[in-house]
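Asker: Next come the chains, spelled out residue by residue.
Number of protein chains: 2
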Amino acid sequence: MSEFFNVHSPSIAISKITSNREFPSLKKDLIKTINSLDRIIAEDIISDIDLPHFDRSSMDGYAIRSQDSNGVSESSPNYIRVIEEIKMGTQPSKSIKSGEASRIFTGGMLPIGADSIIMEEDTEELSDNFIEIKKSISIGENIIYKGEEIKKNKIIIVNGKRIRSQEIGSLLESGITQIKVYKQLNIGVLSSGDELINPHQNITPGKIRDINTYTISNLIKKTGSNVKNYPIMPDDFNKQLIQSKKAYKECDILIFSAGSSISYRDTTAKVIKNLGNPGIIIHGISVKPGKPTILGLCDKKLIIGLPGNPVSAVMIFINIVQPIIEQLYNHKSLKSYLNCKLDENISSKTGRVDYIPVKIISQNNKLFASPVLGKSNLINTLVQSDGYIVVPSEKRGLYKHTNVKVNQYE
Amino acid sequence: MSEFFNVHSPSIAISKITSNREFPSLKKDLIKTINSLDRIIAEDIISDIDLPHFDRSSMDGYAIRSQDSNGVSESSPNYIRVIEEIKMGTQPSKSIKSGEASRIFTGGMLPIGADSIIMEEDTEELSDNFIEIKKSISIGENIIYKGEEIKKNKIIIVNGKRIRSQEIGSLLESGITQIKVYKQLNIGVLSSGDELINPHQNITPGKIRDINTYTISNLIKKTGSNVKNYPIMPDDFNKQLIQSKKAYKECDILIFSAGSSISYRDTTAKVIKNLGNPGIIIHGISVKPGKPTILGLCDKKLIIGLPGNPVSAVMIFINIVQPIIEQLYNHKSLKSYLNCKLDENISSKTGRVDYIPVKIISQNNKLFASPVLGKSNLINTLVQSDGYIVVPSEKRGLYKHTNVKVNQYE
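Residue numbers (this note's numbering), protein chains in the order written: chain B, 776 to 1185; chain A, 776 to 1185.
If you are wondering where the hints come from, they were derived from the structure by calculation, not from laboratory data.
All values derive from a computational prediction rather than experimental measurement.
Just so it is clear, CB atoms sit at the ideal spot from N, CA and C, and this is done for glycine as well.
Keep in mind that the hints are not guaranteed to be accurate.
[To be verified] Derived lysine-lysine pairs resembling DSSO-like cross-links, with alpha carbons at most 27 Å apart:
| hint | chain 1 | residue 1 | chain 2 | residue 2 |
| --- | --- | --- | --- | --- |
| 1 | B | Lys1107 | A | Lys1116 |
| 2 | B | Lys927 | A | Lys1134 |
| 3 | B | Lys1116 | A | Lys1180 |
| 4 | B | Lys997 | A | Lys1107 |
| 5 | A | Lys1170 | B | Lys958 |
| 6 | B | Lys1066 | A | Lys927 |
| 7 | B | Lys1110 | A | Lys927 |
| 8 | A | Lys1066 | A | Lys1014 |
| 9 | B | Lys1180 | A | Lys936 |
| 10 | A | Lys955 | B | Lys1134 |
| 11 | B | Lys1180 | A | Lys1175 |
| 12 | B | Lys1170 | B | Lys1180 |
| 13 | B | Lys996 | A | Lys1066 |
| 14 | A | Lys1063 | B | Lys910 |
| 15 | A | Lys927 | B | Lys1134 |
| 16 | A | Lys996 | B | Lys996 |
| 17 | B | Lys862 | A | Lys1014 |
| 18 | A | Lys996 | B | Lys1110 |
| 19 | A | Lys921 | B | Lys997 |
| 20 | A | Lys1180 | B | Lys936 |
[As the list claims (entries may be wrong)] Covered, in the sense of this in silico footprint (three residues per stretch, anywhere, with C-beta under 8 Å from a C-beta of chain B), are these stretches of chain A:
| hint | stretch |
| --- | --- |
| 21 | 873-885 |
| 22 | 928-940 |
| 23 | 993-1003 |
| 24 | 1059-1071 |
| 25 | 1081-1089 |
| 26 | 1112-1124 |
| 27 | 1153-1164 |
Isolated chain B (complex conformation) (with noise of 0.2 Å):
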């Protein structure tokens, strides 16, 4: 029997891959910033105006000459006319002079010669012509000057940013309707194995449902890529490798799904061989679930072997090839995650890395991880979960009690 040889720690796996000179670079897109939610930006964004682009209020109140308000309080307060009130969206009609206000709205537009809002709450009517004001306020008070929140010329959005709501808000605000993203990538999945039927198909004696096509697209799915399904493929190299070079040749990634070892069954690894230069890069990783995992490129193609395991297919999706792609649109990410103690011990092996999907309970207030463990890996112990923890690769395991971070599958 053949062995693994030059198995790698994921870490290591990965920027091997991220690292060589056939990594692809992606193309770019101009789209709509109305459609560009979750998209990554490929350009930084200058704003060619100031934002705002005028002085204005920030509270409901009066727009007056600081001075006016010098020693003025609750028992001595001063009187001032009331010469306009500015409707929003327009330019005011008379500038203040000495003892005269504006009636002013949030957002409004400050007048000629007011310097300073004070706030509805700080004032009185006395008339619909006069108001005492009774705070002393200073210059600048409850104003937002123009280009305070964006200066002309100034990047507000860098390349490589996930677009979220607030970035199309800001994208709109500056009148910037029209951003380039990074290309979506196109990814194609092939699960290959003679058991494999389709779900819609009825079982018979010794077949099983192919599942990994559909855990693995999802996922891909919620990389912002596209999907391309292909046809389960028999255990049979010379049909796989008709059906990779088609696969090859309509997407920018292939993933595989099953064969990935290195039993005289598993042909993935000689199909990839069979697809481009420089073929395979790494084959095994020091992980459990997943070890037989192949990662490869192939004339400037990202090409992953999972797997058939469904729980390993996920597993190294996640924590391997997720990373790979989020480098390939040039973004990176912080994950978020949940505190949690540790329920029972766990055992691991060092020099590996381990996965361990656990269901978080809350009890008392506190959050418990309590590890889901299957002897077989099956898909339901992901089901049953909803997170899952990392034991690195230097312990031989976490004892009952440990503090864990949970990550939540997406």
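Please arrange chain A on chain B, whose structure you already have, making use of the hints.
Answerer: Relative to the frame of chain B, chain A by itself:
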């Protein structure tokens, strides 16, 4: 000037809505399982078959009678005759007697008579027909028994769960190609303000581009709901009422932006009172930013009045509206976060919950949360921030170096 009456804490405001007898319940949709990613399941899913559907091998190796391995070791192996190679996806044609084995692969069907699988690594091929077995194994070793993953009639997925890629896999494994999910809500967004123009229009003095329509509609998309954006409404009660009544008929939920405060210009409350009963439930929430928020129910439709300030609108949507929408979908989720150290003091007031935007900074392998403050709460504070922290209402602030949980924006 009028005052806010009945200002409530965020959690009480939410529960006053969700526990109201007018809180709506959602209809259900029957959809294809393969299209169900991120939808909320609206039924308990029960397996109608045992899975796996047959006893199968979890390893590449040989199916044997375990008693043939009794007392066997590396130095004293046993010799066994191989009578068949079990093809994947087929029923074995021969049963196993003492002294016999069948070659089997991961996922292969166990032949009659065999009770265990000896791994390939623990055997030596002597000829086509004979192997040496070098390890003692016990009954059941490396076998996944019929029904071991899912027993027939067992609940696999409970009502209210979000469909992730593994749920799709599990459902398809059981041959469940259609499921009931909660119908997607149609949510209408109505922004108002005489100062607002559309993003593609040129700015003239006093005008600003409408952004809340777009930030809010993209946050709505993230909840898995459909969005309908309505034209900007002028500051005119009658015109607002006509458009709101039209939107009320067309949507399940209405979200107003701006006009939710209590000055005479603020007409949202008056519009909501004219849409249905009981009308406004909450007016004013003890938070910063976002105090002037309206939550209402009009004849079993949820109606929200968000503040016009763009940061307030986003913060209130995330922290108040989104949890209410999740409850409508009958779905509960735990939000992940990042643990960081606060890198400066933050002041707050007791009796009020503060949402503070922060940038996450990595320094010497530690994460720090750096508040992104601006006196004016403009959208750029959210663009510059990676997430936000919540200062609870009983705190007067947080000291530098406090450990805080940063909620990343979705």
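Asker: Determine for every hint whether it applies to the structure shown.
Answerer: Hints and how they fare:
1. Annotation: proposed proximity of lysine 1107 of chain B to lysine 1116 of chain A holds, straight-line Cα distance about 21 Å (limit 27 Å).
2. Distance hint between lysine 927 of chain B and lysine 1134 of chain A is fulfilled; the C-alpha atoms sit about 23 Å from each other, no more than 27 Å.
3. Annotation: proposed proximity of lysine 1116 of chain B to lysine 1180 of chain A holds, straight-line Cα distance about 17 Å (limit 27 Å).
4. Proximity of lysine 997 of chain B to lysine 1107 of chain A is assessed by CA-CA distance (about 20 Å); at most 27 Å being required, the pair is judged to hold.
5. Taking the CA atoms of lysine 1170 of chain A and lysine 958 of chain B, the gap is about 46 Å. The hint is violated against a cut of 27 Å.
6. With a CA separation close to 32 Å, the supplied pair lysine 1066 of chain B and lysine 927 of chain A exceeds the 27 Å bound.
7. Annotation: proposed proximity of lysine 1110 of chain B to lysine 927 of chain A is violated, straight-line Cα distance about 37 Å (limit 27 Å).
8. A threshold of 27 Å between alpha carbons decides the hint, and for lysine 1066 of chain A with lysine 1014 of chain A the separation of about 26 Å falls inside it, so the pair holds.
9. A distance of roughly 22 Å separates the Cα atoms of lysine 1180 of chain B and lysine 936 of chain A; the hinted pair therefore holds under the 27 Å criterion.
10. In summary, the hint linking lysine 955 of chain A to lysine 1134 of chain B is supported, as the alpha carbons are separated by about 24 Å, within the 27 Å threshold.
11. For the given pair, lysine 1180 of chain B sits about 24 Å from lysine 1175 of chain A by alpha-carbon distance, which is consistent with the 27 Å threshold.
12. Taken as a hint, the lysine 1170 of chain B and lysine 1180 of chain B pair is honoured in the structure, with Cα atoms around 15 Å apart against an allowance of 27 Å.
13. For the hint pairing lysine 996 of chain B with lysine 1066 of chain A, the CA-to-CA distance comes to about 38 Å; that exceeds 27 Å, so the pair is violated.
14. Distance restraint check for lysine 1063 of chain A and lysine 910 of chain B: the Cα-Cα separation of roughly 23 Å lies within the 27 Å cut-off, and the hinted pair is therefore satisfied.
15. Proximity of lysine 927 of chain A to lysine 1134 of chain B is assessed by CA-CA distance (about 23 Å); at most 27 Å being required, the pair is judged to hold.
16. Straight-line distance between C-alpha atoms of lysine 996 of chain A and lysine 996 of chain B comes to about 16 Å, which keeps the hinted pair within the 27 Å bound.
17. As the CA atoms of lysine 862 of chain B and lysine 1014 of chain A are separated by approximately 17 Å, the hinted pair is consistent with the 27 Å bound.
18. This hinted pair checks out: lysine 996 of chain A and lysine 1110 of chain B have alpha carbons roughly 21 Å apart, not beyond 27 Å.
19. Between the alpha carbons of lysine 921 of chain A and lysine 997 of chain B the distance comes to roughly 33 Å, so the proposed pair goes past 27 Å and is violated.
20. This hinted pair checks out: lysine 1180 of chain A and lysine 936 of chain B have alpha carbons roughly 22 Å apart, not beyond 27 Å.
21. Remark: the stretch 873-885 of chain A is confirmed as covered by chain B, as 5 of its residues place a Cβ nearer than 8 Å to a Cβ of that chain, reaching the required three.
22. Remark: the stretch 928-940 of chain A is confirmed as covered by chain B, as 4 of its residues place a Cβ nearer than 8 Å to a Cβ of that chain, reaching the required three.
23. Only residues whose C-beta sits within less than 8 Å of a C-beta in chain B count toward coverage, and the stretch 993-1003 of chain A has 4 of them, enough to reach three; the restraint holds.
24. For a cut-off of 8 Å, the count of residues in the stretch 1059-1071 of chain A with a CB near a CB of chain B stands at 0, and the three-residue condition is violated.
25. Here's how the stretch 1081-1089 of chain A fares: 4 of its residues keep a CB closer than 8 Å to some CB of chain B, so the rule of at least three is met and the hint holds.
26. Counting residues of the stretch 1112-1124 of chain A whose beta carbon lies closer than 8 Å to any beta carbon of chain B gives 3, which reaches the threshold of three, so the coverage claim holds.
27. Coverage of the stretch 1153-1164 of chain A by chain B holds [criterion: at least 3 residues with CB-CB distance below 8 Å; count 6].
Against the hints set out earlier in the document, violations occur for numbers 5, 6, 7, 13, 19 and 24.
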